[in-house]
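Just so we're aligned: the sequence shown equals residues 11 to 207 in this note's numbering.
Do not rely on the hints blindly, as some may be mistaken.
What the hints assert, rightly or not - Cross-link-like lysine to any residue pairs, in silico, SDA-like; alpha carbons within 25 Å at most:
id : residue 1 : residue 2
1  : K47       : P99
2  : K47       : L34
3  : K47       : I37
4  : K47       : S23
5  : K47       : S61
6  : K47       : E27
7  : K47       : A65
8  : K47       : R32
9  : K47       : D24
10 : K47       : L26
11 : K47       : I29
12 : K47       : V68
13 : K47       : N69
Please keep in mind that the hints were generated in silico from the structure rather than gathered at the bench.
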Amino acid sequence: MSVGQPDLAAESSDPLEDIARRLLIEIGEDPDRDGLKQTPARFARWWREFSDYDAGEVNTLFPLVTQQGQTVTVSDVHLWSLCEHHLLPFSCTVTIAYRPIGDVLGLSKFARIAHRYAHRLQIQERLVQDIAAEVSTVSGSPDVAVIAQGEHLCMSMRGIRTPALMTSSVFNGVFDDDGPARQELIATVFPSLSRQR
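Turn these sequences into a full structure, and let the hints steer you where they fit.
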């Protein structure tokens with residue numbers, strides 16, 4: 011070991027701490043200096059917390075007390091995920107819509123399902139597909155749509171370094187056709203677009 015280099019031999023019990031120490035050394039930092047001494051442990055705890063996220067129960071259903079054909083929309087579900095290409099965060103606002111068949115899915119379950127798929131390395135296009143597939147599986151309804159708008163730090167802080175919103179969507183069942191159900195959803199998510207028509 012050269013003079014001034016931190017000792018990596020004092021390895022922690024969590025390999026993520028060792029990775030964080032190595033990263034700090036590689037970018038020219040001293041992981042033993044006062045401001046960074048606890049950083050490897052914090053780094054490891056954060057990654058474990060993010061990747062070990064438990065969404066809890068997602069299949070709570072209640073009897074449908076209204077007519078068939080009603081669209082249920084849950085808007086502005088805020089998520090953080092990690093871009094699998096650069097390991098940088100992206101934030102999304104997600105809207106989920108479906109037409110219940112028989113029973114309705116409990117309100118908090120939409121956010122639980124969305125967070126379940128956000129707490130892994132992701133791309134936004136797959137995130138909306140994953141959410142739609144699980145809402146469809148749990149609710150038993152083929153009529154599910156998911157729209158996400160996200161800002162990706164892999165674009166905002168590197169490369170072009172320009173913030174922008176990416177929109178991705180999945181339209182299944184009745185929402186797949188450019189008919190009344192889809193138009194109602196678009197008007198809910200993008201009210202300014204519907205006013206321009």
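A quick look at each hint next to the structure:
For the hint pairing K47 with P99, the CA-to-CA distance comes to about 24 Å; that is within 25 Å, so the pair holds. Note on K47 and L34: the hinted pairing holds, with a Cα-Cα distance of about 11 Å set against a maximum of 25 Å. Annotation: proposed proximity of K47 to I37 holds, straight-line Cα distance about 15 Å (limit 25 Å). With a C-alpha separation of about 16 Å, the suggested pairing of K47 with S23 holds against the 25 Å cut-off.
For the hint linking K47 to S61, the alpha-carbon distance of about 23 Å falls within 25 Å, and the restraint holds. Taking the CA atoms of K47 and E27, the gap is about 11 Å. The hint holds against a cut of 25 Å. Of the supplied pair hints, the one linking K47 and A65 is violated, its CA atoms being roughly 32 Å apart against a limit of 25 Å. Restraint check for K47 and R32: the C-alpha separation of about 13 Å stays at or below 25 Å, so the hint holds.
A distance of roughly 15 Å separates the Cα atoms of K47 and D24; the hinted pair therefore holds under the 25 Å criterion. As the CA atoms of K47 and L26 are separated by approximately 14 Å, the hinted pair is consistent with the 25 Å bound. The hinted pair formed by K47 and I29 meets the criterion: a straight-line CA distance of about 14 Å does not exceed 25 Å. At roughly 39 Å between alpha-carbon atoms, K47 and V68 are farther apart than 25 Å, so this suggested pair is violated.
This hinted pair does not check out: K47 and N69 have alpha carbons roughly 43 Å apart, beyond 25 Å.
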